[in-house]
Amino acid sequence: MSTVVLLTMTGLGLGALYFLIASGLSLIFGLMDVLNFAHGALLSIGAYGTWWAASGHLPGAGPGGAGFVLAVLFGTAVGTAAAVLLELAVVRPLYTRPREQVLATVGVGLAVPALLSGIWGSDARTFPGPKALSGTFGLFGAQVPVNRLVLVAAALVVLVALRLFLGRTRHGLVVRAGVEDRAMVTALGIDVRKAFTLVFAIGGCVAALGGALGGLYFGSVDPRQGTSLLIFAFVVVVTGGMGSVSGAAVASVVIGLVQQFANYYTAAGLGDLAVVVLLAALLLVRPRGLTGRLA
Amino acid sequence: MTTGPLLAVRDLRVLIGGRHILHGVDLDVARHGVTALLGRNGAGKTTTVRGVLGLVPRTGSVRLDGEETVSLPTHTVVRLGIGYAPEDRGIFAGLTVAENLRLAERRGADGPAYGLVHELFPELKRRERQLAGTLSGGQQQMVAIGRTLLNGNRLIIADEPTKGLAPKVVTEVAQVLERAAEAVPVLLVEQNLAVVRRLAEHCAVLADGRTAHQGPAAELLGDAETARRLLGVGHGPVTRASSVEADS
Amino acid sequence: MSTATETHQRTGEDRTAARAPGNTARLLRRWWPAAALLVLALAPFSALPLPGLLDGPLGSPGSLQLLATCLLFGALATGYDLLLGRTGLLSFGHALYFAAGSYATNTLLLEAGLPFAVSALLGVCCGIVLALVLGSVSLRVTGIGFSMVTLAFAQAGSILVSRNPGGLTGGEEGRAAPAELLPSGLVGIENTANLYWLALAYLVLTLAVVHRAVNSPTGRVWEGIKENERRVEVLGLKPYGFKLTAFVLAGALAALGGLVHLLLTGGSTPQTTTSDFTLSLLVMVVLGGSGTRWGPMAGGILYTWADHRLGDLAGSGAVAELPAVLRVPLSQPLFLLGVLFVAVVHLLPGGLARLPSRLAAARRGPAGPETPAKSKSRKENGRP
Chain A
1 MSTVVLLTMT GLGLGALYFL IASGLSLIFG LMDVLNFAHG ALLSIGAYGT
51 WWAASGHLPG AGPGGAGFVL AVLFGTAVGT AAAVLLELAV VRPLYTRPRE
101 QVLATVGVGL AVPALLSGIW GSDARTFPGP KALSGTFGLF GAQVPVNRLV
151 LVAAALVVLV ALRLFLGRTR HGLVVRAGVE DRAMVTALGI DVRKAFTLVF
201 AIGGCVAALG GALGGLYFGS VDPRQGTSLL IFAFVVVVTG GMGSVSGAAV
251 ASVVIGLVQQ FANYYTAAGL GDLAVVVLLA ALLLVRPRGL TGRLA
Chain B
1 MTTGPLLAVR DLRVLIGGRH ILHGVDLDVA RHGVTALLGR NGAGKTTTVR
51 GVLGLVPRTG SVRLDGEETV SLPTHTVVRL GIGYAPEDRG IFAGLTVAEN
101 LRLAERRGAD GPAYGLVHEL FPELKRRERQ LAGTLSGGQQ QMVAIGRTLL
151 NGNRLIIADE PTKGLAPKVV TEVAQVLERA AEAVPVLLVE QNLAVVRRLA
201 EHCAVLADGR TAHQGPAAEL LGDAETARRL LGVGHGPVTR ASSVEADS
Chain C
1 MSTATETHQR TGEDRTAARA PGNTARLLRR WWPAAALLVL ALAPFSALPL
51 PGLLDGPLGS PGSLQLLATC LLFGALATGY DLLLGRTGLL SFGHALYFAA
101 GSYATNTLLL EAGLPFAVSA LLGVCCGIVL ALVLGSVSLR VTGIGFSMVT
151 LAFAQAGSIL VSRNPGGLTG GEEGRAAPAE LLPSGLVGIE NTANLYWLAL
201 AYLVLTLAVV HRAVNSPTGR VWEGIKENER RVEVLGLKPY GFKLTAFVLA
251 GALAALGGLV HLLLTGGSTP QTTTSDFTLS LLVMVVLGGS GTRWGPMAGG
301 ILYTWADHRL GDLAGSGAVA ELPAVLRVPL SQPLFLLGVL FVAVVHLLPG
351 GLARLPSRLA AARRGPAGPE TPAKSKSRKE NGRP
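Protein chains in written order, with UniProt numbering: chain A, 1 to 295; chain B, 1 to 248; chain C, 1 to 384.
It should be emphasised that the hints constitute simulated quantities derived from the structure, not laboratory data.
Note that CB positions come from ideal geometry on N, CA and C, so glycine has one too.
Check before you lean on any hint, since a few could be wrong.
Claimed, not checked - To give an idea of the interface, some chain B residues facing chain A are shown, with a C-beta separation under 10 Å as derived from the structure:
1. R50
2. T74
3. V77
4. V78
5. R79
6. G90
Assemble the whole structure, with the sequences as input and the hints as a guide.
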């Protein structure tokens with residue numbers, strides 16, 4: 001029983017991390033048809049930003065309490081800024097060349113981890129965090145690490161915030177409409193490119209937050225963390241349907257749980273394998289994805 | 001500038017995927033009433049409209065009230081005061097009726113004219129919270145036209161608004177357009193000659209991506225021989241028009 | 001080299017063949033590949049020092065090893081472009097077939113103890129069958145969906161290899177090939193020249209196969225699919241079969257490349273299974289010029305060379321003394337290559353292969369953007 005509880009909580013924590021990457025990825029693809037290969041890099045930037053600030057480089061920030069919150073905010077802000085820069089400088093000039101947009105993000109996705117390992121080394125760095133978050137708590141007889149709970153809570157907050165944004169604000173309305181028919185949105189007199197920058201900012205912000213909290217989950221940061229999570233985020237995006245935040249949420253939970261349980265109860269690595277095979281199978285069975293956007 | 005046509009299109013050319021779709025379209029939209037854009041299937045009517053709006057890459061000259069728009073992006077062209085109801089209606093299926101309308105709101109002097117839209121289409125008020133994808137074709141067309149009436153537009157472009165609708169709904173749509181045209185000039189792409197006859201004062205005919213004829217609508221439709229030559233109408237415009245109506 | 005210049009070149013060749021040798025420029029244009037091949041083939045006999053370009057003299061084992069790797073990747077990129085540049089298929093799983101060639105051969109050698117020739121043949125066949133099976137499945141979806149299915153399959157392969165099932169793959173360490181079973185002429189530092197020639201032969205073979213294929217009737221259908229798949233369908237042709245042909249042919253070339261890599265490096269490494277490996281092929285192709293005859297090869301050679309040399313440079317004292325702002329980026333070849341790649345995508349659509357014609361157009365003066373050659377190249381590059 002305690003194993004099941006632990007696996008469930010870990011799976012949910014992992015799912016929460018996937019959601020933080022996949023929700024932005026899904027919105028960006030849904031709206032712009034750009035599969036952002038640099039999204040993992042945005043997560044890494046957030047992770048390193050937080051790590052840098054929490055290691056005492058940012059005045060006021062630190063590994064504990066309010067200092068850590070500040071560090072997470074800093075990392076998230078840096079990731080958001082990087083995402084906006086990515087959209088404006090790299091993606092936007094290629095507006096009329098969709099395939100080159102993807103290629104350019106591939107280049108960024110290669111360059112950023114390399115730059116990070118150039119600055120801070122390619123080895124994993126221990127991630128500082130508040131004592132309160134590094135402990136465990138008892139749940140149905142299992143000792144569950146607190147950081148799983150932090151990730152799940154953060155993902156829930158992000159989910160609610162995104163839903164409110166999409167459902168209640170005009171910008172959210174533009175994004176939802178743009179996911180359906182971008183050209184028609186412009187034909188209503190709306191500059192859809194502003195929405196592009198916005199979804200990149202949102203995606204970068206949420207991914208960077210995922211990086212910051214992922215540091216807690218893994219206990220360390222390394223330059224390739226984001227990229228290795230990206231493939232599972234792809235699985236989530238395709239499973240949940242392109243452009244659908246709620247779909248991404250459900251898919252994240254499913255993928256996280258399947259992966260954890262399969263890895264534990266069958267041979268190690270089989271869970272990872274099962275998940276990528278699931279991606280292929282899903283695409284083949286429903287080539288248009290769940291929202292019909294994937295051609 | 002208050003003289004001359006409201007919209008003056010000169011030598012509009014559109015090239016998509018290395019193929020010329022338009023080879024030089026000239027089109028004047030009058031400052032009052034309905035100007036109909038006619039032509040056989042594939043003549044380039046929809047492409048002309050899309051070219052005017054900048055939804056396809058285009059060259060030539062498109063002047064709205066004297067202002068050159070050919071190098072402007074679509075959203076800027078539209079903000080000059082154009083309401084557009086596209087051929088496929090351009091409804092956002094996953095959004096509610098109210099959201100579809102709200103999306104079309106533009107900042108203007110008087111604010112969105114929901115009063116007018118709901119007066120013309122009381123149905124839209126009743127179905128405000130319904131997803132637009134679940135509406136009937138006619139109701140979707142109401143949303144599409146409603147969007148063009150929401151803002152104080154200088155020009156309404158309606159691309160085949162009666163296509164695929166039941167005869168009763170065709171009449172309804174025609175009535176609304178007639179009323180809209182009292183306040184705002186309308187560029188109407190239309191295959192249904194009965195509707196054209198009822199609404200249009202002026203018309204332009206396209207053939208093979210070029211302008212083949214421009215003039216008063218009555219003149220063209222009254223001349224069975226010219227109409228047949230330009231529109232491919234089989235037995236004179238009257239029978240053809242009624243058969244179209246019966247088809248739909 | 002744009003398609004335009006290529007056509008021009010081909011007709012030029014015909015004319016030269018018909019007329020007596022006249023124009024030196026034309027002769028040069030026809031024969032430069034042969035001349036380059038000759039130079040490359042004779043390289044092991046040369047002791048020419050190329051400071052900056054290579055560490056040791058040209059014929060030294062170290063230089064030959066690097067050159068052979070460059071040629072190998074030039075060939076791999078050329079084969080990959082069969083999908084990307086010729087058929088318009090963006091596959092993120094090409095590494096799988098390369099790794100299959102390497103790992104399957106190695107496993108047959110190590111586990112079954114089969115003779116090298118048999119292992120090699122079966123290993124390459126494994127790669128081909130894998131490409132046939134996974135290609136026939138992946139190609140049921142189009143567009144970015146296809147890219148992601150190929151990515152998923154390749155990732156599955158990568159995970160499998162790194163988990164070391166039954167001790168077959170050696171996990172993260174990879175596995176060294178059994179030297180005693182390999183042909184003796186292809187083992188050891190003293191035989192580097194032979195390995196170099198092997199890589200060169202593989203490159204020539206790949207170039208020839210790709211050239212033949214794209215100029216065959218099938219190749220013209222690929223071109224059509226790349227431009228507009230629907231139009232091919234309208235003509236009554238089924239794109240699926242043609243795309244599968246391209247996929248399997250590219251997979252076969254990759255598997256063969258895996259075999260060459262096995263010999264060249266003396267083993268199989270899990271790095272060749274990763275999606276990063278495929279992405280680096282993508283970078284090579286786009287860098288050099290997708291859809292051109294020589295571009296992918298040039299991109300592959302340049303990338304591999306730069307990757308190695310920049311790595312050496314990073315370890316050198318000259319870089320270590322630089323201020324951090326310069327030292328950090330210079331010590332990371334992937335960073336520089338990534339940035340270069342983004343720059344090429346933005347500033348030089350069509351890759352390095354398009355550079356000569358662009359420079360020529362620029363030299364011809366500001367004739368405006370609508371000179372025919374330029375507008376053609378722009379159209380080609382603009383296509384998604």
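We went through each hint and held it up to the structure:
no., hint, in the structure
1, R50, "holds (9 Å)"
2, T74, "holds (4 Å)"
3, V77, "holds (8 Å)"
4, V78, "holds (4 Å)"
5, R79, "holds (5 Å)"
6, G90, "holds (4 Å)"
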